[in-house]
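> Given next are the chains, with one letter for each unit.
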Amino acid sequence: MSKLKVAVFKFSSCDGCQLQFLNLEEELIHLIDLIDFALFYEARTYVEPGPYDLSFVEGSISTPHEVELIKKVRDESKVIVTVGACATSGGIQALRNWANVKEFQNYVYPRPEWIEVLKNAEPPSKYVNVDYEVRGCPASKEQLLSFILQFMRGKIPILPISPLCIECKLSGNLCVLVVNGTPCLGPVTMAGCGALCPSYGRGCYGCYGPSVDSRTLVLNRRFKEMELKPKEIQLLFKQFAGWSRKFREVIEEYE
Amino acid sequence: MRSMSRAIKVDYLSRVEGEGNLYVEIENNQISKVELGIFEAPRFFEAFLRGRKYVEVPDITARICGICPVAYIMSSSRAIEKILGIEVDECTDILRRIIYLGEWIESHLLHVLMLHAPDFLGHESIIGIAKENPDIVKKGLKLKSWGNSVMKVIGGRSVHPISCRVGGFYRIIRKEELETLIKHSDVMGRYAEDLLKWVLTLKIPELKRDVEYVSLKGVNEYPILRGRVVSNRGLDIAEDVFEEYVETEQVRYSTSLRYRIRGRSYYVVGPLARYNNNYHLLRPEVREVIESYGYGPQLSNSFQSIIARAAETYHAVLEIKELIKKYSEPAKPYEEGGVMEGVGSAITEAPRGILYHRYELDGKGYVINSNIIPPTSQNLASIERDIIAFNDELVKMDLSDLQRLAEHVVRNYDPCISCATHFIKVINIKINT
Amino acid sequence: MSLTGLYIGHVNSLTLIFDQLKSLGYTVVGYRIIDKALRLDVLKTTEELARDVEDVQDPGKYSLIPGNFYRHGPDSPKKFLYPPKLLLFKVTPKWDVIINSEKYEGKLAFFGIKPCDLASIKVLDRVLTNVDELYTKVRERMAVVVENCTSSGNTCFCATMGTGPRARNSFDIAYTRLGSKLVIEAGSELGLRLINQLEVEPIDDNTYRDFEVTIRKAASRARANFEIDNLPELLELNIESKVYWEVIERCLGCSNCNMVCPTCFCFDVLDIPKIDGSAERVRVWDGCLNYTYAQVAGGHFRPDLWARYRHFVLHKFAYWIKQFGTFGCVGCGRCITWCPTGIDLRETVTKVLRGMAI
Amino acid sequence: MKRAQSKALTPMKTTVIKVINETWNVKTYYSTLPESAEIPKPGQFNMLYIHGVGEVPISVSDISNEDRVIAHTVRFAGSVTYAFSTVRDGDTLGFRGPYGFGWPLDLAVKKDLLLICGGIGLPPLRPVIREVARNRDLYGRLFILYGARTPKDLLYRHEYVDYLSIRDVELHLTVDNPDIDWRGNVGVVTNLIKRIEVDPSNAYAFICGPEIMMKYAIKELLEKGFRTNRIYLSLERRMKCGVGLCGHCQMGPYFVCEHGPVFPLWFISKYFWVDQI
Ligand SMILES: Cc1cc2nc3c(=O)[nH]c(=O)nc-3n(C[C@H](O)[C@H](O)[C@H](O)COP(=O)(O)OP(=O)(O)OC[C@H]3O[C@@H](n4cnc5c(N)ncnc54)[C@H](O)[C@@H]3O)c2cc1C
Ligand code: SF4
Ligand code: SF4
Ligand code: SF4
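Just so you know, the protein sequences line up as chains A, H, F and P, in that order.
The first sequence begins at 1 in our numbering and counts up by one.
The second sequence begins at 1 in our numbering and counts up by one.
The third sequence begins at 1 in our numbering and counts up by one.
The fourth sequence begins at 1 in our numbering and counts up by one.
Just to be clear, a hint being listed does not mean it is correct.
Said to hold, decoys possible - Derived pair list, reagent style DSS-like, types lysine-lysine, alpha-carbon separation capped at 27 angstroms: (1) H:53 to A:224; (2) F:107 to F:137; (3) A:224 to F:137; (4) F:242 to P:215; (5) H:364 to A:229; (6) F:107 to H:142; (7) H:82 to A:231.
Said to hold, decoys possible - If we take Cβ atoms under 8 angstroms as the criterion, some of the chain H residues that face chain A in the derived model are: (8) 42; (9) 48; (10) 52; (11) 64; (12) 145; (13) 279; (14) 293.
Claimed, not checked - Anything over 10 angstroms on all C-beta distances counts as not near chain A; from chain P, calculated: (15) 63; (16) 67; (17) 150; (18) 186.
It is worth saying that the hints were derived from the structure and are not from the lab.
Glycine included, C-beta positions come from ideal geometry on N, C-alpha and C.
Bound conformation, chain A alone (with noise of 0.2 angstroms):
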């Protein structure tokens, strides 16, 4: 059997995603031996020209000239899977989103008029089609590893998309939420860190963006319940996949 031909694109990003292909150290020696990291420019010179088999894309479409990007992106892969928050749903970039651009642009840029970014960041899958999607910020090297060895046994990948809570249970940790009354966003964050923030002690802040059926109105009331004051129940949300359809309706809601 050919090797899988394997690309990595970076967009608007920090690039932690894509480091944590490289990241899996041990693992990467026999992954090599499967897949052809054909485009990987962090990791490699040589780029091997497409169609790829397979294609990661990192980080949110920002400015014109990765509209363009992402749409050749498109067209060279036969699958598209976006890795991280950026990618999935605009990240922590997209928090600009709400605010106006040209205030933001007068703000940090001197020269604001050579600026050419578009008014929102947003996820790669408002331009064009996205096949899979791998949550996290950053993704965890588990889960991509898993994604590539599921998919090259023929499978349609499967990443779980409950809520956070169960892993949290799973884990045995205590709940930060019923304890200490910490928010805490796992009810309505996806699984896939193995609950790592209340392993820790603290609440999740929601870097694998909304479960599926994710209840986030109803965490809301919670949250008033508790007397969280509403800028803090907003700042909760809006973080690093605060973008995302479900947090943005609890976000609007105090915008």
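We have chain A already, so just place chains H, F and P with the ligands on it with the hints.
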């Protein structure tokens, strides 16, 4: 007649963190133009930090860079702690140093082995080295993975750790959790020593250029979390006044700012600077190896940065082991501090060099203003100057060699473009074609 | 069933029982304080057992305060008998199926668990004995030392479910702490053997009266506003109740209730391909409140949360009887305490019944 | 309700000996039954496992007692079934089963048989057709009503001649969306029930298909005068174990895997009509 002018353009710099390009133009046997272009999209961090609560800042700024998130967490936490009047206790400080050193190991290994070494050996990626010398690659990857475990044990995960916060950590990290790391530390020490020795045998190009090396100055230990800002040309200032001593500069072809010492010139930050300014603070075991290979307290060119990185890696492994022994669980996981308005700034040593953060908070603990000066942007101008210093060799080379060498020079600095571009006053440019 | 009737001894002799269990080779599991809660954990000495605390449980809230009687935390015996994650088997690249056999080792003793916890084991017995290998094996050589509840918590309703606050059977030892006095009885050969090492005497009138009043008082608080007679029929007759719609206005669909329930047994199976070409199958807890629970390729049997919540309630109080001849609920109240929004199962059931205007 | 013993979730091995392309998204896999497995009865199902991919419940779609060869017909519907598209002859599969109760053929002796199937509902009934063909005199008339979405989705097309050669048989096909070559019925399969002339007091109806289709079919049958103990249906739910343990397949108090998948209507009717039960 053929034109005497030629140019190379590297559209996507590979084996660097982030997206940049390089343009070198040669006219009449003289390099007439070197442009290290950064076309990474601006991400407006300073703009959306306004209005965020101070506790969120470390988590948010961590997302500027997935390769050195701990550096962002530490610089921002320390800057904010200054405003809130928090002094963390010794145990917390030890934990911070351990996780930070873990990041050094992880980041240095990434660069030394995966990004940089291929240049010295004529490979296009680590795969080439793996074929030639599987042993060193195996050891290197084990080390990198150990660095990641150090971060994982303390931080929950290595990219964007979740346990660190302003004032300390979200929960007490148990001594026995750390002790799981000690098990392998002796082996890791040996691997790191082997890696350093291997690096010391690499054929390292000559390059003479007079540069100012800026780093923190350690007092009793090799600097990481704090220290005065010093240079080999007599700079010696407190972190709080750093901004007054540097001036910013813009170029049209880059989305990243550049920095120079006010009234002087460009400078270099990073492992090389740290090494040159603090050699005596490296662990004796490390210095011994270095000296047995004929190197000493001063490394003179940017190609030798790989030595500094390997030396720091070995140092970090030894240091982590000591620190874990010294660690005892603190009484409480973090200091609360009093919320008040004010300005605070801090510098820590990111793997790529000094990382400056300044924040202004209002009375309720929300950010009003901020400024972040990441290491890579401070190095950009020097990278170009290094290439120009190679003028005589470069002009004689054919295009592909020229390109290879020029790229090698860029990679000497382990530029992290994600960091460089996040920040204030970015200019977007059209790339020369 | 009690083999001895009630005896009295001194609370200090609990340590003796504990130590005997250890010396008989049991891995002893009991409640200990970890972080800010009582957790079921393997204990080396009685020192590790939680003491001088009380758990305050309310819908969606849990805390520990100084006190001298406690009930439980988020864990239940299920954690040890039917673990949250269990490797079923591995398949090598060459297709050899390697069954995970290490899982059957050891003798387990629960020490100081409460009558509702014991009741949950009895429920699991019906569901899993001779069906789940691990469970069956561990259960065969398991000991239970149960502590009767002298004070019930705010989310307890064992008295309604008939499972507490006093354990009636299926224990090796049952004891009750009354100040420094220990009221104790044995329910098995092992229990006799354990008591045999203590200094005990038959219970006297006064102590018995004290005991009886204490238990009765605890029972009077551990009640829900419904009775279990005819409960299965009544719930099924009102299967279309709109109360389920109302409840889910507060429900997050997070499955915490399923996870902390000491009898919820549903599981999912994960397939984990390995880089060396082998593969693992791992069993993990799943719950009926979870969206994917009844989802199938190209369809969904319970897409709406009210239907999943209804299934939870009906399974516990109606279907379970038909399936296993017992209720699926033991009245421990964990699902009420550990629900992040504090949904009260007792209230739901009461409301559904009231909706029938009987 | 009685609980079966020993419910090991570890598979036995079986080798695929023949793969037949049925339609664009359905294939049939013939394999030898593992030695220790019982021969499945029509309507029973097995759990098939692909190495590292996952396990799915699949009905047995053909049974040959003599050489212990059985068939499974799989539609590529989701994650695991999709991976079946790459399974070839010679491949090893994991096998557990047979599970559940099959069709009550013993009750149907001397009675007319009405088979109503939609889509991937035909495979579990195919062994019934085979059984009637083999023991023709045991049963009354045989009606096969089968509907698919499009003519391209009709399963076992090459076998219809065989079906028609069975004595006293009626085969009625229908599709939702015809193509230009289609000359048969158009519309849902339940429409066909009206046309069948059968004495409900001397017949059994076996239904298998999407739940919504089964509901309409049942309504037709009841209107025709079928009693609820003469209507049997095969239910489908999410399944992870196949042995009444994982809980997913519950419909009301019934574990579809263990107490079904074939149920007489009267037995489940209390729950069957309840929305999202
Ligand atoms: C008793 C029974 C007999 C069946 N017989 C056949 C048959 O002969 N041919 C055929 O093609 N299909 C049959 N199915 C349906 C088949 O099992 C599903 O299409 C298959 O499980 C889908 O799995 P998936 O991984 O491809 O889908 P996904 O949607 O990716 O499902 C993931 C997992 O959920 C479970 N699951 C999802 N859908 C179903 C479902 N419909 N039924 C049970 N579990 C499900 C499985 O455990 C599956 O592995 C039968 C189902 C049942 C219950
Ligand atoms: S999702 Fe998070 S980790 Fe990944 S690239 Fe974006 S900011 Fe970095
Ligand atoms: S800590 Fe958060 S994720 Fe965990 S159970 Fe509680 S609410 Fe859910
Ligand atoms: S617990 Fe939440 S915020 Fe923390 S790592 Fe997991 S998904 Fe991200």
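> Which hint numbers doesn't this structure obey?
3, 6, 13 and 14
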